[in-house]
Amino acid sequence: MTAYIVRRMLYALPILLGVNALTFVLFFVVNSPDDMARMHLGNKRVTAEAVQAWKQEHGYEKPLLINHSAQGADMLTDTILYEKSLRLFLFDFGQSDSGRDISHDISQRMWPSLAIAVPTLLVGLAVNITFALLLAFFRASYLDFWGVVLCVAMMSISSLFYIIGGQFLVGKLLNLVPISGYDTGLHAWKFMVLPVVVGIVGSIGSGTRWYRTLFLEEIHRDYVRSARAKGLSEHWVLFRHVLRNALIPILTGVVVVLPLLFIGSLLTESFFGIPGLGSYTIDAINRQDFAIVRAMVFLGAVLYIIGLLLTDISYTMVDPRVRLD
Amino acid sequence: MRGSRILHAISWLGMAFLAGCEGQAWNDPYRAGASAGPVFFSSFSERPKHLDPARSYSSNEWAFISQVYEPPLQYHFLARPYALVPQTAARLPEIRHYGHDGSLLSADAPAADVAYTDYILRIRPGIRYQPHPALALRDDGNPAYWPLVPEMLDRVNRLSDFPLTGTRELTAADYLYQIKRLAYSPNHSPIASLMAEHIRGFADFAEYAKAAHDALRDNGEPGQWLDLRSIDMAGLEEIDRYAFRIRIERKYPQFIFWLAMNFFSPMPWEAERFYSQPGLDDKNINLNWYPIGTGPFMLTENNPNLRMVLERNPNFHGELYPTEGPEQDRREGLLDDAGKPMPFIERAVYALEKEAIPRWNKFLQGYYDNSGIGSDSFDQAVQFGSAGEASLTDAMREKGIQLSTAVETSVFYAGFNMLDPVVGGDSERARLLRQAIAIAVDFEEFISIFRNGRGESAQSPLPPGIFGHRDGEQGVNPVTHVWRNGSARRRDISDARRLLEQAGYPEGRDPKTGGPLILYYDTPAAGPDSKAMLQWYRKQLEKLGIELVIRATDYNRFQDKMLKGTSQIFSWGWNADYPDPENFFFLLYGPNGKVESKGENAANFKNAEFDRLFLTMKDLPNGSERQKIIDRMVEILRQESPWMFGFFPKAFSLHHAWFQNSKPHLMANNTLKYKRVDGAARASAQEAWNRPVLWPLGALAVVLIVSILPAIRGFIARERSRAL
Numbered sequence: 001m002t003a004y005i006v007r008r009m010l011y012a013l014p015i016l017l018g019v020n021a022l023t024f025v026l027f028f029v030v031n032s033p034d035d036m037a038r039m040h041l042g043n044k045r046v047t048a049e050a051v052q053a054w055k056q057e058h059g060y061e062k063p064l065l066i067n068h069s070a071q072g073a074d075m076l077t078d079t080i081l082y083e084k085s086l087r088l089f090l091f092d093f094g095q096s097d098s099g100r101d102i103s104h105d106i107s108q109r110m111w112p113s114l115a116i117a118v119p120t121l122l123v124g125l126a127v128n129i130t131f132a133l134l135l136a137f138f139r140a141s142y143l144d145f146w147g148v149v150l151c152v153a154m155m156s157i158s159s160l161f162y163i164i165g166g167q168f169l170v171g172k173l174l175n176l177v178p179i180s181g182y183d184t185g186l187h188a189w190k191f192m193v194l195p196v197v198v199g200i201v202g203s204i205g206s207g208t209r210w211y212r213t214l215f216l217e218e219i220h221r222d223y224v225r226s227a228r229a230k231g232l233s234e235h236w237v238l239f240r241h242v243l244r245n246a247l248i249p250i251l252t253g254v255v256v257v258l259p260l261l262f263i264g265s266l267l268t269e270s271f272f273g274i275p276g277l278g279s280y281t282i283d284a285i286n287r288q289d290f291a292i293v294r295a296m297v298f299l300g301a302v303l304y305i306i307g308l309l310l311t312d313i314s315y316t317m318v319d320p321r322v323r324l325d
Numbered sequence: 001m002r003g004s005r006i007l008h009a010i011s012w013l014g015m016a017f018l019a020g021c022e023g024q025a026w027n028d029p030y031r032a033g034a035s036a037g038p039v040f041f042s043s044f045s046e047r048p049k050h051l052d053p054a055r056s057y058s059s060n061e062w063a064f065i066s067q068v069y070e071p072p073l074q075y076h077f078l079a080r081p082y083a084l085v086p087q088t089a090a091r092l093p094e095i096r097h098y099g100h101d102g103s104l105l106s107a108d109a110p111a112a113d114v115a116y117t118d119y120i121l122r123i124r125p126g127i128r129y130q131p132h133p134a135l136a137l138r139d140d141g142n143p144a145y146w147p148l149v150p151e152m153l154d155r156v157n158r159l160s161d162f163p164l165t166g167t168r169e170l171t172a173a174d175y176l177y178q179i180k181r182l183a184y185s186p187n188h189s190p191i192a193s194l195m196a197e198h199i200r201g202f203a204d205f206a207e208y209a210k211a212a213h214d215a216l217r218d219n220g221e222p223g224q225w226l227d228l229r230s231i232d233m234a235g236l237e238e239i240d241r242y243a244f245r246i247r248i249e250r251k252y253p254q255f256i257f258w259l260a261m262n263f264f265s266p267m268p269w270e271a272e273r274f275y276s277q278p279g280l281d282d283k284n285i286n287l288n289w290y291p292i293g294t295g296p297f298m299l300t301e302n303n304p305n306l307r308m309v310l311e312r313n314p315n316f317h318g319e320l321y322p323t324e325g326p327e328q329d330r331r332e333g334l335l336d337d338a339g340k341p342m343p344f345i346e347r348a349v350y351a352l353e354k355e356a357i358p359r360w361n362k363f364l365q366g367y368y369d370n371s372g373i374g375s376d377s378f379d380q381a382v383q384f385g386s387a388g389e390a391s392l393t394d395a396m397r398e399k400g401i402q403l404s405t406a407v408e409t410s411v412f413y414a415g416f417n418m419l420d421p422v423v424g425g426d427s428e429r430a431r432l433l434r435q436a437i438a439i440a441v442d443f444e445e446f447i448s449i450f451r452n453g454r455g456e457s458a459q460s461p462l463p464p465g466i467f468g469h470r471d472g473e474q475g476v477n478p479v480t481h482v483w484r485n486g487s488a489r490r491r492d493i494s495d496a497r498r499l500l501e502q503a504g505y506p507e508g509r510d511p512k513t514g515g516p517l518i519l520y521y522d523t524p525a526a527g528p529d530s531k532a533m534l535q536w537y538r539k540q541l542e543k544l545g546i547e548l549v550i551r552a553t554d555y556n557r558f559q560d561k562m563l564k565g566t567s568q569i570f571s572w573g574w575n576a577d578y579p580d581p582e583n584f585f586f587l588l589y590g591p592n593g594k595v596e597s598k599g600e601n602a603a604n605f606k607n608a609e610f611d612r613l614f615l616t617m618k619d620l621p622n623g624s625e626r627q628k629i630i631d632r633m634v635e636i637l638r639q640e641s642p643w644m645f646g647f648f649p650k651a652f653s654l655h656h657a658w659f660q661n662s663k664p665h666l667m668a669n670n671t672l673k674y675k676r677v678d679g680a681a682r683a684s685a686q687e688a689w690n691r692p693v694l695w696p697l698g699a700l701a702v703v704l705i706v707s708i709l710p711a712i713r714g715f716i717a718r719e720r721s722r723a724l
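Chains as they are written, first to last, in our numbering: chain A, 1 to 325; chain B, 1 to 724.
Hints in this document: simulated from the structure, not taken from any laboratory.
Just so it is clear, the structure is predicted and the values come from calculations on it, not from any experiment.
Heads up, the beta-carbon is just placed ideally off N, CA and C, and yes, glycines get one too.
Treat the hints loosely; a few may be bogus.
Here are some, though not all, of the chain A residues that point toward chain B, as calculated from beta-carbon distances under 10 Å [said to hold, decoys possible]:
no. : residue
1   : Asp34
2   : Trp54
3   : Ser103
4   : Gln108
5   : Asp183
Subject to a maximum C-alpha distance of 30 Å in a straight line, what follows is the list of computed DSSO-like cross-link-like pairs (lysine-lysine) [claimed, not checked]:
no. : chain 1 : residue 1 : chain 2 : residue 2
6   : B       : Lys564    : A       : Lys62
7   : A       : Lys44     : B       : Lys663
8   : A       : Lys55     : B       : Lys210
9   : A       : Lys44     : B       : Lys561
10  : A       : Lys44     : B       : Lys354
11  : B       : Lys399    : A       : Lys172
Make a model of the complete structure from these sequences and hints.
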């Protein structure tokens, strides 16, 4: 397995190089270094000298991809792409274009993201599995039919509706929790309730349907028929046999998203005023802060690769037939 | 047994929850008891980028730092038109003009005779800085935190992690140090190039300091702190501990307004030395994020991702609430606190609130003391009477909410690129075409549809409150409006069509093609929300038979087009730096052309007479002579029509009854010290407005139980049946 992990990590290098280059190209297709300078210097009294000075101070005065005025390897290394990318692979994210230390910001802002994402994932998983089991138990009945209809309806509604509706109903009409905001330490709990509930309710439709499908696939397998033939009760079959075997795809599906919980949710964090990494990324895009955008995309790619690797490893743990060679 | 244990645990948790919430609304976003005292609660929607007074130049940043930093002058809180008064200065600066032979001239000497001007400022003694680690001293008199040892740095994540703080007296040298910081290029001060034109020796200092900075960096000196005190600037002189002189080239009367802006706040050199130490910047502990000032408040919590907290500066020198103001202010109770020591509030909490809906709802719940009015909530808050006057809706009045309105010292205009061969230039054809379009684009309708009535149609570039602005019939732009029944009415579209015909475009037809004249409108408003507005512009020109092609793009491309002069018609705005007509007319001064000199003259308008009058007007004191010149300049602009004057935005803001001394001031940002909050009234209102409504939860539980019952029955039936 060690050899497999090392091999996968080596595969990750070209992927990360590609992601980094693609982010770079996409960003600079839309924004030139001059645009970035103007955005950061403000709208009033910005002179050409000030733009030039800003670019020089932040290392954007060089050519983007190829330096035609340089010789040899310098043609590639004396460029913005090279200079801005090199430290990234050492996880040295440097400073944002507005002068803040990105690593420090990430270390501060990942906790609120996790505080929302982890309970949303765990409680949501429990709720979705429960509902899916219920529908599977009552398969082909009126409950199953209307349950699926409800799931499809819930899937079709935009997550923005759940957020605004949740804020209006729970925060404004019922006055049960704050509409938005966040606090540090244990004081954060009352700000977490609404985003977590909204996150769970918003995922019930798709989650329940997906897990129901997994359970129904298992229910029609031979070993389930054998269990029933032995005279086991339906709930015993469902919980003891079906659930355990259906957990394999569920588990691997969950493991892949685990590292991405750090990144946070862009929409939820923005609407609820959660100072997490999701809103950090959105802010950076709006402010054309390439340093943050590049760092967050890179971090996202790394975490996703880790997630895929963990998924592979988790397969070997839950299914003894799988070997990583 | 197990079930009863779970039930017991749930009930215990429930009781703990209710006990924790006792006396506090469940939806209260603040900690228990936080709302009871003299604390101000508000929000900010955009994270401030810079809190360094040398660099910061946007209103969302000035909302914080203006409470911390104190330039020598400030605006009178109540007086209108806006008037400057001393802040840390003992009195207004003494201004001395000198001739080319060095002789002292009279105050009204012609600008041409003035070689340089001295501004002599004397500050009050005894003013002290807020407690700050940069000023902390050890018992032996040496700085407590300079140099920093690495072990000390390990324990620090915020500025408040430094246990020792200190203070010292404000001196004239601190003001001079800050002016040098404006010239120091690594600080990227947005006014550096402007000041280089005016302050003697500024440009030379900038060059010398940059060279010294580069040398320091190349030598790899730790911290790279350049002590700007060691480099002289010719125009600055420290007269004594409390007085200093700034020498300005020629005559620049507007300079006095800059002395009321944060750029000219004092900066203790110790702060810059402290923040430059290695390791602090990596923890975002720098001057850009942790201000140090002498003002009534100090920034004690700087978490721009969550909240900013200002607390009363214990070393504040004290200031009394103004004793004079207009009679209307007296009637409205704005002079009730006259002569009382400020500030009235102990703490100001600004929460990050990016979205308008939660911000508005939290204001209605009483958790924010004041609020703007977004388009979505406008109808809920404001109604217009038969005479067009704005008032609050019944729902707002029932809550005791109050409305303040003020015409902003800003202008929103639509401009013609004067370099464009079709709409630009000074030919009669182009002039008539511009005038016709200026009539057709009905900005009164624009204000009504897109601004909810929050604006005043502009007849010139000068907003109300700025010297030179004329009201009533005298102020009407005869090219686009007529005075009828006591108000300015836009000319009939037939007048515009006639002008268009005279311009050689009968019924909007282009004689070259025989088809409709095609014009282009460049805008950065590319989102779906802007579609209706862009369609509206198209319809305005359709009235003349002209086809308007919308070229919507992102802001970066729009800026590029403006810089290259490839636009034709565009919209832009300007928010005044200071209340002087020069700050508006310079937007149309020829040498400031955007294409030619990357200046602020986006229309690239150039008119010899206008430019000559501008140079004369800017140096004159307010008076009849200046008014006469302004009238002529406005007349030129109306005839030449490089702008469709658009409108002056009107600010509508709401505040709760417990928030007092709220008078809009569009020039000053340091107004927090005047505000008063009745914390007890707020706490009782919050309690009354935010009682939790629990019955829907009970009803939901009943519905769930009722709907689950058949499922339970089904479950039992299935369990009893045999599997197939």
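Checked hints:
no.: 1; hint: Asp34; in the structure: holds, 8 Å
no.: 2; hint: Trp54; in the structure: holds, 6 Å
no.: 3; hint: Ser103; in the structure: holds, 8 Å
no.: 4; hint: Gln108; in the structure: holds, 8 Å
no.: 5; hint: Asp183; in the structure: holds, 7 Å
no.: 6; hint: Lys564(B) <-> Lys62(A); in the structure: holds, 22 Å
no.: 7; hint: Lys44(A) <-> Lys663(B); in the structure: holds, 27 Å
no.: 8; hint: Lys55(A) <-> Lys210(B); in the structure: holds, 15 Å
no.: 9; hint: Lys44(A) <-> Lys561(B); in the structure: holds, 17 Å
no.: 10; hint: Lys44(A) <-> Lys354(B); in the structure: holds, 24 Å
no.: 11; hint: Lys399(B) <-> Lys172(A); in the structure: holds, 15 Å
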